[in-house]
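> So you can see what is in the structure, the chains are spelled out below.
Protein chains: 6
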Amino acid sequence: MRPSGRNPDQLREVKITTNFTIHAEGSVLIACGDTQVLCTASVESRVPRFLKDKGQGWVTAEYGMLPRSTHSRMGREAARGKQSGRTQEIQRLIGRSLRAAVDLNALDGYTITIDCDVLQADGGTRTASITGSFIALSLAIEKLLDEKKIKKNPIHGQIAAVSVGIFNGVPVLDLDYPEDSEAETDMNVIMNEAGAFIEVQGTAEGHAFRREELDEMLNLAASGISELMQQQRDALAK
Amino acid sequence: MRPSGRNPDQLREVKITTNFTIHAEGSVLIACGDTQVLCTASVESRVPRFLKDKGQGWVTAEYGMLPRSTHSRMGREAARGKQSGRTQEIQRLIGRSLRAAVDLNALDGYTITIDCDVLQADGGTRTASITGSFIALSLAIEKLLDEKKIKKNPIHGQIAAVSVGIFNGVPVLDLDYPEDSEAETDMNVIMNEAGAFIEVQGTAEGHAFRREELDEMLNLAASGISELMQQQRDALAK
Amino acid sequence: MRPSGRNPDQLREVKITTNFTIHAEGSVLIACGDTQVLCTASVESRVPRFLKDKGQGWVTAEYGMLPRSTHSRMGREAARGKQSGRTQEIQRLIGRSLRAAVDLNALDGYTITIDCDVLQADGGTRTASITGSFIALSLAIEKLLDEKKIKKNPIHGQIAAVSVGIFNGVPVLDLDYPEDSEAETDMNVIMNEAGAFIEVQGTAEGHAFRREELDEMLNLAASGISELMQQQRDALAK
Amino acid sequence: MRPSGRNPDQLREVKITTNFTIHAEGSVLIACGDTQVLCTASVESRVPRFLKDKGQGWVTAEYGMLPRSTHSRMGREAARGKQSGRTQEIQRLIGRSLRAAVDLNALDGYTITIDCDVLQADGGTRTASITGSFIALSLAIEKLLDEKKIKKNPIHGQIAAVSVGIFNGVPVLDLDYPEDSEAETDMNVIMNEAGAFIEVQGTAEGHAFRREELDEMLNLAASGISELMQQQRDALAK
Amino acid sequence: MRPSGRNPDQLREVKITTNFTIHAEGSVLIACGDTQVLCTASVESRVPRFLKDKGQGWVTAEYGMLPRSTHSRMGREAARGKQSGRTQEIQRLIGRSLRAAVDLNALDGYTITIDCDVLQADGGTRTASITGSFIALSLAIEKLLDEKKIKKNPIHGQIAAVSVGIFNGVPVLDLDYPEDSEAETDMNVIMNEAGAFIEVQGTAEGHAFRREELDEMLNLAASGISELMQQQRDALAK
Amino acid sequence: MRPSGRNPDQLREVKITTNFTIHAEGSVLIACGDTQVLCTASVESRVPRFLKDKGQGWVTAEYGMLPRSTHSRMGREAARGKQSGRTQEIQRLIGRSLRAAVDLNALDGYTITIDCDVLQADGGTRTASITGSFIALSLAIEKLLDEKKIKKNPIHGQIAAVSVGIFNGVPVLDLDYPEDSEAETDMNVIMNEAGAFIEVQGTAEGHAFRREELDEMLNLAASGISELMQQQRDALAK
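Protein chains in written order, with UniProt numbering: chain P, 1 to 238; chain D, 1 to 238; chain B, 1 to 238; chain Z, 1 to 238; chain W, 1 to 238; chain C, 1 to 238.
Extracted from the complex, chain P is given alone in its bound form:
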């Protein structure tokens, strides 16, 4: 039995609010149960130095948690003077995943920076960040197309992410914090609309997981991501 009473293959309720803030070119508040992440996409007409004169644009991401987004207060990274290894790992993952859906040549001259700031955490903040960021990125690119700053839509695929894991011996979808902190295995899966993998990251927290467990988890992830992609399309259709 899951602490939340959900079925093993059941997502938490997803709520997507577009244009949550006014300044960013794309702005989305995504809530997956009690996990809430504000994803903004900022467009700047410059490219990083390593892309100078390469005919490409760039998409990158930064991630942060508000100090009291969590059960007990965490030190503020700006005050401690550096981002933790976990933060860097997550923001590298978000940026890499989004770039897998974008033709950087069609974005020539522009950098889009996605900021994922966790307002409230209850497990799965990195996958919620990716799912929400794809929408924020799409909104910002729509704006670039509307303003005729770019000619061709650089987005060539849809991506979304979800966590799966093994909780009390049972593969489950979309772990919340009570599950995540107890899970024997935790896996983050990022897929595209064709059902192919962008990234798979599975970690045995307790004992090692067997091949058939891996297979079951991937099945759960595929079905969950397919639901999330419908929600993304609904949000963008508005």
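Be aware that a few hints might be false.
[Said to hold, decoys possible] Incomplete in silico selection of chain Z near chain C, CB under 7 Å:
1) T21
2) H23
3) A24
4) S42
5) E62
6) L66
7) R68
8) H71
9) R73
10) G75
11) R76
12) D115
13) D117
14) Q120
[Said to hold, decoys possible] Taking lysine-lysine pairs in the PhoX-like style, the calculated list, with each CA pair at most 25 Å apart, reads:
15) W/K15 <-> B/K15
16) B/K82 <-> P/K82
17) Z/K82 <-> B/K82
18) C/K82 <-> W/K82
19) P/K82 <-> W/K82
20) Z/K52 <-> W/K52
21) C/K82 <-> B/K82
22) Z/K82 <-> C/K82
23) C/K149 <-> C/K52
[As the list claims (entries may be wrong)] Cβ pair distances, simulated, as ranges:
24) B/G169 <-> D/H71: 45 to 53 Å
25) P/A79 <-> Z/K149: 37 to 45 Å
26) P/A79 <-> D/K15: 23 to 31 Å
In short, the hints are calculated from the structure, not lab data.
The beta-carbon is built from N, C-alpha and C at its ideal position, and this holds for glycine as well.
Since the structure of chain P is provided, determine the placement of chains D, B, Z, W and C on it from the hints.
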């Protein structure tokens, strides 16, 4: 004429949402027009080293702006590896102001950390932070009293803050960003419920301001703060 | 009764030594009682990046305390690897105040950096820094004019600063350390030669201060600053 | 055809030199083709603060590349003043993987720090680090057992790691740098002696990978890791 | 011919002002020609962690240059966020040299920190720092003896320092900046009152120096240090 | 008697392995007894900013110790976020010494960075670094000459380094760690092939050393360096 069409002595619309997030002992989203600040109060049963065995508790504050809370994206302080002078100045001001309303002896053994995170900025983020923080602090202290962790209410006064300035030669109340960026003088005023001053910080951005201008600005501030205090009491009464 | 035996409206003895060191374009040692600050003005023919091609020069300030300028030794900021919030707050204040007296257009192409290093501290180091810096800045600008590097004197006003406060219930001028550490209210006032305000920063350390106390403190500040300006003119006339 | 002429399921030649340096409790130089990593295990009789009085020991890892281990020189992380996100990601992975093979209760009172320093890089440095570290860790633990500092062998499993990927459309085992820099998909797999997974990290560098490609890669990894484990046992048997 | 017109074996004029500042237990302004260093000795009743329960005290030093102590302004180390290699090298040298004159057992329980802050630089700041620091240290220790906090004088020798070098092919004593910046060889020598060496650091800036040149330089240093020691004794006798 | 049984004037066994790694333009593993340092020379076609348009190339060095190169594990400098004063002192010394052997004009357009990484430490790592670096530098320059990137050999001298000291009252050559940690005096000497000095750094660790002791130590150093230079020539002749 003010860009927003407001009268010189007119506050922006204030909206206070208590319990905006679930983990913090006190949590408030305060909106002053388009400025939105999330203020959380976190209680920890420890005191900073310099108060060891002094029979006192502590109240402190941290401040941050989300990278795209502003018109154009600002670098993330956690990524740059340090907090700017402006950030430190503001968080020192918030903490000092709140401590002026608290009897630290009655808070013995506890540290309350107020986090003010700006989700959206349109001028006056530091005064909105103080006005909102007072509510978050009050909620956290109510909880400590309810749980009988402390015996006596350490809050001995009510405080709120507002900005005033001289815009196009006219003293005005509660500057928004278009005014703030053009103002000749900018002043932040923090007062208590008795109409006395906790902090006054006035800066001539253009030319120096005269004594009678200072007097008019202080009158505007006093009336604005009195309105804000009513809003604070209404929010806490719910 | 003040610890020093001074009257409430009495400044400490001021001693201004120009050309205290040989390399800087302007160099002043200012002593306000036992507070001693070395202020140097350094001219460089460059402007910061944000002023590139704007037809303006720049004036900025840095502040530091020698580790043993104080009663007990403070850690060296260079060794700790960062400047404290207090240091940044003070150097931002000094720079902002000096710029209020300067026409930056007339300084096109030049940056003047004021370094205020406290050799000995006994209260009022930030106001002594501002009063002394104005002289160092003036000397450096005289040099630029003499060498015909600039055509027009960019200084369009005289500025000086002093602290006032409420000590044992009585408004007093120019607090020394024993007063400062006990004062109920502490206010730093920066004015120009016309008696208008450049900056007013008042903080209730104990209980809040009333409007009439504010008024009395401002009167004391105005008279003290007028005396300090005479000292500045005398020092520059030599 | 692979640049090295290897078959798709062929490992590079592995050379393991135990006791490569004299001071560490465990010291191994592992060469996988031209990739050479020095892994040392250092035993200290202390535990990190978060394990104080928990009856557990700790195993952790740090990773670094010598500046000229690579084709062109990389800046030294110690000189730049921080470890890159990639470095932190890798060392977190190494530590997590090793802990999956260790009963921390049986290591009570001790911290073993594994240092993986890349002397020469040609792809697969993180998996070589894990495979080599397991040997260094085992040597250090043998020493603790020999000296009767611990009673029970805390190692309850054998772990090794290898990379797999899709190169020119073909799943291949153990990518070298020319393959790695061109691969469409890159996956690091860490397994135990029972063929279960400790960690799986697959990233689509070019286009997304399909489920059947994932399956083939996992098969390759399983067979490669089984060979590597034989090498580990041989090295430890000496 | 030396730029200053001095003979090869002639020191610059030395001026030593004791008690230059009021707070430090020992305070000395030493001027060697235009080089001016403020040396303060601060006594604290604590020892560094590595000396806990070892029955020893500690003497250490920190060094800094005011930003405009030099011909052109240098960046402030506190602002840049780290001390340069040169600064660290110098402060390690000062501390090591002073400890060579002190019986740390007789200083049990106390740390004396010497701060050497260069107000004005004209070559030889590190040797002036050492010569001045010895006096500041002696004053602080006299105070500890007077207050009966320690029983036995921990100073068992007198030390002083001077630079020598080869300028235009001629060995010269006590280089000023014009000589130092052109010298082919630069050597810093620290000796005790018995004419033995505490530290010798010679560097060929242009071409390598021969054994007989080294010998001549050491002779010059010995005679210069003997003069400086007389000045130290005179200053302490006052 | 020396702990190693060596005669006072006897070097440890030296082993020089050229081309120890494959990527660097020059690569040398030097072993002086149990001290092992990997020295690599990396050529880049750029010059540092301060040499822009000066018609010169540059030679610089960086130094590091692997965390477990020593008896007990040292913290990794990259993890601590800064290089120690000792590290900076040593790398400045290595760079300065090598530049003394090089005509920088003949290296116009190129920077050669020497990385000295200590794999195993047993005293004398800085002198072994210098002796080994000279070989790595020579190999890299041979390569530049072979590829006709530079016309003239910029190396105009040979340099090597050794430590000498006073151990149990006796001057000895090439101290190992057991001697170094007990020595009363420790001196590092860098000389060229003509027997002239590039750098002399002598420090009294216990009591001060007399002139005749200095003379004896310099004699030992000269003879040791002459042997080391033969080894350098042999290694380069291969």
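> Now, for every hint given, state plainly whether the structure supports it.
Tested hints:
1. For Z/T21, the interface hint holds, since its Cβ comes within 7 Å of a Cβ in chain C; the closest pair sits about 5 Å apart.
2. Checking Z/H23 against chain C by beta carbon gives a least distance of about 6 Å; that is within 7 Å, so the hint holds.
3. Against a cut-off of 7 Å between C-beta atoms, the interface hint on Z/A24 holds, since the closest Cβ of chain C lies about 4 Å away.
4. Interface hint at Z/S42: satisfied, since its Cβ lies 4 Å from the closest Cβ of chain C, which is below the 7 Å cut-off.
5. For Z/E62, the shortest C-beta to C-beta distance to chain C is roughly 5 Å, which falls under 7 Å, so the interface hint holds.
6. Here the hint on Z/L66 is kept, as its CB sits about 5 Å from the closest CB of chain C, short of 7 Å.
7. Proximity of Z/R68 to chain C holds as hinted, the smallest CB-CB distance being about 4 Å (cut-off 7 Å).
8. For Z/H71, the interface hint holds, the least distance from its beta-carbon to any beta-carbon of chain C being 6 Å, beneath 7 Å.
9. Because the smallest distance between the Cβ of Z/R73 and any Cβ of chain C comes to about 4 Å, under 7 Å, the interface hint for this residue holds.
10. Violation of the interface hint for Z/G75 is found here, the shortest Cβ-Cβ separation to chain C being roughly 9 Å, above the 7 Å cut-off.
11. The closest approach between the C-beta of Z/R76 and any C-beta of chain C is roughly 5 Å, which is under the 7 Å cut-off, so the hint is satisfied.
12. Of the supplied interface hints, the one on Z/D115 holds, with its beta-carbon coming within about 5 Å of a beta-carbon of chain C, less than 7 Å.
13. Against a cut-off of 7 Å between C-beta atoms, the interface hint on Z/D117 holds, since the closest Cβ of chain C lies about 5 Å away.
14. The closest approach between the C-beta of Z/Q120 and any C-beta of chain C is roughly 5 Å, which is under the 7 Å cut-off, so the hint is satisfied.
15. Simply put, W/K15 and B/K15 have alpha-carbon atoms about 23 Å apart, close enough for the 25 Å limit, and the pair holds.
16. Distance restraint check for B/K82 and P/K82: the Cα-Cα separation of roughly 13 Å lies within the 25 Å cut-off, and the hinted pair is therefore satisfied.
17. For the hint linking Z/K82 to B/K82, the alpha-carbon distance of about 16 Å falls within 25 Å, and the restraint holds.
18. The suggested pairing of C/K82 with W/K82 holds, with an alpha-carbon distance near 9 Å, which does not exceed 25 Å.
19. At roughly 16 Å between alpha-carbon atoms, P/K82 and W/K82 fall within 25 Å of each other, so this suggested pair holds.
20. Our distance criterion of 25 Å between C-alpha atoms is met by Z/K52 and W/K52, whose separation comes to about 22 Å.
21. Using a Cα cut-off of 25 Å, the hinted pair C/K82 and B/K82 holds, with the two alpha carbons roughly 14 Å apart.
22. For the hint pairing Z/K82 with C/K82, the CA-to-CA distance comes to about 8 Å; that is within 25 Å, so the pair holds.
23. Only pairs whose Cα atoms come within 25 Å are accepted, and C/K149 paired with C/K52 is accepted, the gap being roughly 19 Å.
24. A beta carbon spacing of about 47 Å between B/G169 and D/H71 agrees with the range 45 to 53 Å that was offered as a hint.
25. In this structure, P/A79 and Z/K149 meet the distance hint of 37 to 45 Å, their C-beta atoms being roughly 40 Å apart.
26. The hint said 23 to 31 Å for the Cβ distance between P/A79 and D/K15, and at roughly 29 Å that hint holds.
Hint compliance for this structure: hint 10 is the single one not met.
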